[in-house]
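Trainee: Produce the entire structure from the sequences given, and follow the hints as far as they go.
Line by line, the protein sequences give chains A and B.
The opening residue of the first sequence carries number 186 in my numbering; numbering runs sequentially from there.
The opening residue of the second sequence carries number 186 in my numbering; numbering runs sequentially from there.
Think of the hints as simulated: they come from the structure by calculation, not from any bench.
Just so you know, even glycine gets a beta-carbon here, dropped at the ideal spot from N, CA and C.
Any given hint might turn out to be false.
As the list claims (entries may be wrong) - Which chain B residues face chain A? A few, computed with CB under 10 Å, are given here:
1) A397
2) R425
3) K458
4) R482
Claimed, not checked - Using 30 Å as the maximum straight-line C-alpha spacing, the simulated DSS-like pairs for lysine-lysine come out as follows:
5) A:K458 x B:K458
6) A:K283 x A:K363
7) A:K344 x A:K460
8) B:K201 x B:K363
9) A:K460 x B:K460
10) B:K458 x A:K460
11) A:K458 x B:K460
2 protein chains.
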Amino acid sequence: MNRSNLGKGLPEQAAKPLFQTLAVVGVGLIGGSLARAARERGLVSRIIGIGRGRENLRRALDLGVIDVMETDWDRGIRDADMIVLATPVHGIVHLLPKIASLCGREALVTDVGSVKGSIVREAERTLPNPGRFVGGHPIAGTEHSGVEASFASLFADRKTILTPTERTDPEALETIRKLWEAVGSTVVLMDTERHDRVMGFVSHLPHIVAYALVHTVYSADQREGNLARFSAGGFLDFTRIASSHPEMWRDICLMNREALLEAVESFAHSLDKFKEMISRGDGPGLEDHFTQCRRTRADLLKTAR
Amino acid sequence: MNRSNLGKGLPEQAAKPLFQTLAVVGVGLIGGSLARAARERGLVSRIIGIGRGRENLRRALDLGVIDVMETDWDRGIRDADMIVLATPVHGIVHLLPKIASLCGREALVTDVGSVKGSIVREAERTLPNPGRFVGGHPIAGTEHSGVEASFASLFADRKTILTPTERTDPEALETIRKLWEAVGSTVVLMDTERHDRVMGFVSHLPHIVAYALVHTVYSADQREGNLARFSAGGFLDFTRIASSHPEMWRDICLMNREALLEAVESFAHSLDKFKEMISRGDGPGLEDHFTQCRRTRADLLKTAR
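Mentor: In structure tokens form, the structure reads like this:
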């Protein structure tokens, strides 16, 4: 089962492994892709996949994403010098006390959750050596989930946000930064509060808006019948993100409540502006606003990647 | 310049031409595609392109989309037995009195505007023979515009809505229906009010929501700096439609004001529901709503095309 030498001969790899044993808790799209990339870059000698689902771990093993599968957490966590928590966000908070009771004092711990405040607080509250924890969030993903969808270049040319605190050990931060840079990411540092505000606006808000839009069309369709079938490409593209995992978005909403509510308020205010302009037939105002939005989006396309 | 025989030898074409001379007013993506499709299907002997822009008409001629270009409206309109108004919506209302003063009494007139109430009212008010007018709206389009982007199969497997009134001549309706069916559309009949309500929900509302979302992120970015650059794929896909033409959307907002305001109200109500659930930390409620939205969108994907 040990595939530790698989990555060695590949060109353009990092010279030295960063870790001996990497434990990935939750081997799905993100965890699996990080394992693949770390192996391909020669960053690690051995990868242990840990999780509740034996079947999923078996697939990860068959795909060569991990070297060893462990449903025995005790053994899996104890041996690792680097632990990546890659379950859905709620799971990360839930697992931290367990990880804390099992991990070595010098083990590095990081996560990939899209909410940072509550995770980092829980990590620093529970871990025996909080300085060895660095919160992380790679801004990468696809519509698909699961280890089958994972691929080594998922993080190439993407941003990864790290959220160290005043308690974070600078050397731990440096090592985690090297990990993400080695797999192709540009690393950006932020405090947790700022991270959650930013994501509240650019990621969590759009999801809530897409859900609300689908809900609106659904309700109108129920009331008036046969309305939704006239939806064209725009609507369907627009609402693609409303097909995301319900449990995941429930947890993000609960865990980033304050920042998300603020973003929703701000959006409702923008919507009201448009509504007022439509209501009073303000053609020039609408055209100005639309033109500005078009320009903003064009700028975003240039800078977002 | 006469290319009237170009379409004849093609396979699987309609046996008989429906029209002698088709005048397309506004030879852009929609008008150009309809011209191409009508020619390919052998539905017409001669296509006159009419418009303000000499350069655009020249390109349409060079591309073989039209046989003749006319900036002299008088001559262009007088000769046609079928006139398609394919300018932006506001232009259609504006042009109708002019068309009315030039067209033959037996000429069929139709349009492709995405708002129907105000256009059909103006057509029936101004045209010498209102029974020969049938409002139309092909639910088709791409991100691109202009005659260069036009192609004959744009309407294949798409729905086209026709909005006859009690004044519409049944034979006129039948001919226009044949035209759209011959180019691959499924024709659906609706009254203008219903059309404008449906489009208010499934098309115009999503655009306003996308604009408001871009505006929100823009405003937050202006306030807090460097926030928008963390936008990921979801946000960018989501807001693609906020790159549409500002003038076009200004006019749609003004021309479909009532139905759009109702849709915006309804959306604001849905958004409030989500906001309340987030605010009171209602996990099960959020999960139920998200699950229902996901199911709704999956159903839409099946029925929308």
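Trainee: Checked against the structure, which of the hints given earlier come out wrong?
Mentor: The structure conflicts with hint 7 only, although it agrees with all the remaining ones.
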